[in-house]
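Chains D and B are the protein sequences, given in the same order. With this note's numbering applied, the first sequence covers 1 to 123. With this note's numbering applied, the second sequence covers 1001 to 1261.
Hints were generated in silico from the structure; no laboratory data involved. Watch out, some of these pointers could steer you wrong.
As the list claims (entries may be wrong) - Calculated cross-link-like contacts (lysine to aspartate or glutamate; reagent style DMTMM-like; alpha-carbon spacing at most 25 Å):
id, chain 1, residue 1, chain 2, residue 2
1, D, Lys86, B, Glu1240
2, D, Lys112, B, Glu1243
3, D, Lys104, B, Glu1243
In this text, all values refer to a predicted model and were calculated from it rather than measured experimentally.
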Amino acid sequence: MKILIVDDFSTMRRIIKNLLRDLGFTNTDEADDGNTALPMLKSGKYDFLVTDWNMPGMSGFDLLKAVRADEGLKTLPILMVTAEAKRDQIVAAAQAGVNGYVVKPFTAAVLKDKIEKIFERIQ
Amino acid sequence: MSDDIKGHRGLEPEVTEKLRRQAAELMESVEGGDYARSMTLINELSDVRDQSLYQEVGRLTRTLHEAIRNFQIDPRSQEQKEVLSVMTDASDRLAYVVQMTSQAANRTMDLVEESMPIAHTLRDEAVVLREEWQRLRRREMQPAEFRELYGRIDAFFLSVTKDADIIYNSLSEILLAQDFQDLTGQVIQRVTALVKEVEEQMLSLVVMASHVDQLTGTVHQIDDQDVSAEQGVGPQVKAEEREDVVSGQNDVDDLLSSLGF
Chain D
1 MKILIVDDFS TMRRIIKNLL RDLGFTNTDE ADDGNTALPM LKSGKYDFLV TDWNMPGMSG
61 FDLLKAVRAD EGLKTLPILM VTAEAKRDQI VAAAQAGVNG YVVKPFTAAV LKDKIEKIFE
121 RIQ
Chain B
1001 MSDDIKGHRG LEPEVTEKLR RQAAELMESV EGGDYARSMT LINELSDVRD QSLYQEVGRL
1061 TRTLHEAIRN FQIDPRSQEQ KEVLSVMTDA SDRLAYVVQM TSQAANRTMD LVEESMPIAH
1121 TLRDEAVVLR EEWQRLRRRE MQPAEFRELY GRIDAFFLSV TKDADIIYNS LSEILLAQDF
1181 QDLTGQVIQR VTALVKEVEE QMLSLVVMAS HVDQLTGTVH QIDDQDVSAE QGVGPQVKAE
1241 EREDVVSGQN DVDDLLSSLG F
């Protein structure tokens, strides 16, 4: 299970990386916005994407749409972990095809729960 | 400040008086057919308008200047003095807050990442030893095995002492890493005070501008700017007071399940 973590703050990437490791996912890579993430996703054979929304450069929402529009990537499970809390935004993310939405600040239990739910639904 | 705004709501009494006098004079001269005098009076009237505007703008500039000059941190310690003296504006200060918080977060995570495997190893060894200990109690252990267990328990006690010290020291360093809150708190309070002050000055500028609009009869067409949420707007403060914002993960889950997720 190879996971890409996208967040513009290295602190948040590190927190998510640690939580994922505790959940048994040790194969993780990091990117700081959509522009860096997209080429990595296209060449890196990732199984799961965890992304923030608000980032300079390419936002997580644009990354979500780009992934869904890409023939090779469109089935990649995506979990959004973000401080964006407007109802309209959550609806928009759902319509764009996000698989899970975790709002910051979050707990380890919530992250675990959402990741497990995503994999349950896929299998 | 609110008194100040109230004080500016109308024109200065002497200005009103002057306008009234000049208007009466203007009426008189127009009715009397003295057009040259009328034109001079019209010019004087607009001068009065301009001057009161300049006065208001001048007053605003002075107060803004004062606000910016007042925006200096009183250095209490030598260390802060050095750090803070190099910073001259609010954005530098906020960048300093970002840097301090990021340093503290990384220092804390370094220590946590060092401590976690130690706790893990201790736990694993304790589990093994406990199993062996049970076997010993059930008298299932050969003398050779017991000698090995004896040594292992001895080593375990040693490592517990050593590792507990390491973890304790990490925890106490994590505690110290939270000292950024004091410095960043002070900086943020200063910046907040400046923003508030600027906000109040802006408000009085708006009030002053509305006087000018009244005098000139200007009506502004103000379009509501629709901020696109696509790029992301960051964390919401006072989320519980707003209808269009979720107040936590439960709200998100409810919303998504109402959409069929």
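**Message:** Tell me the hint numbers this structure goes against, listed in increasing order.
**Reply:** Of the numbered hints, just 2 does not hold.
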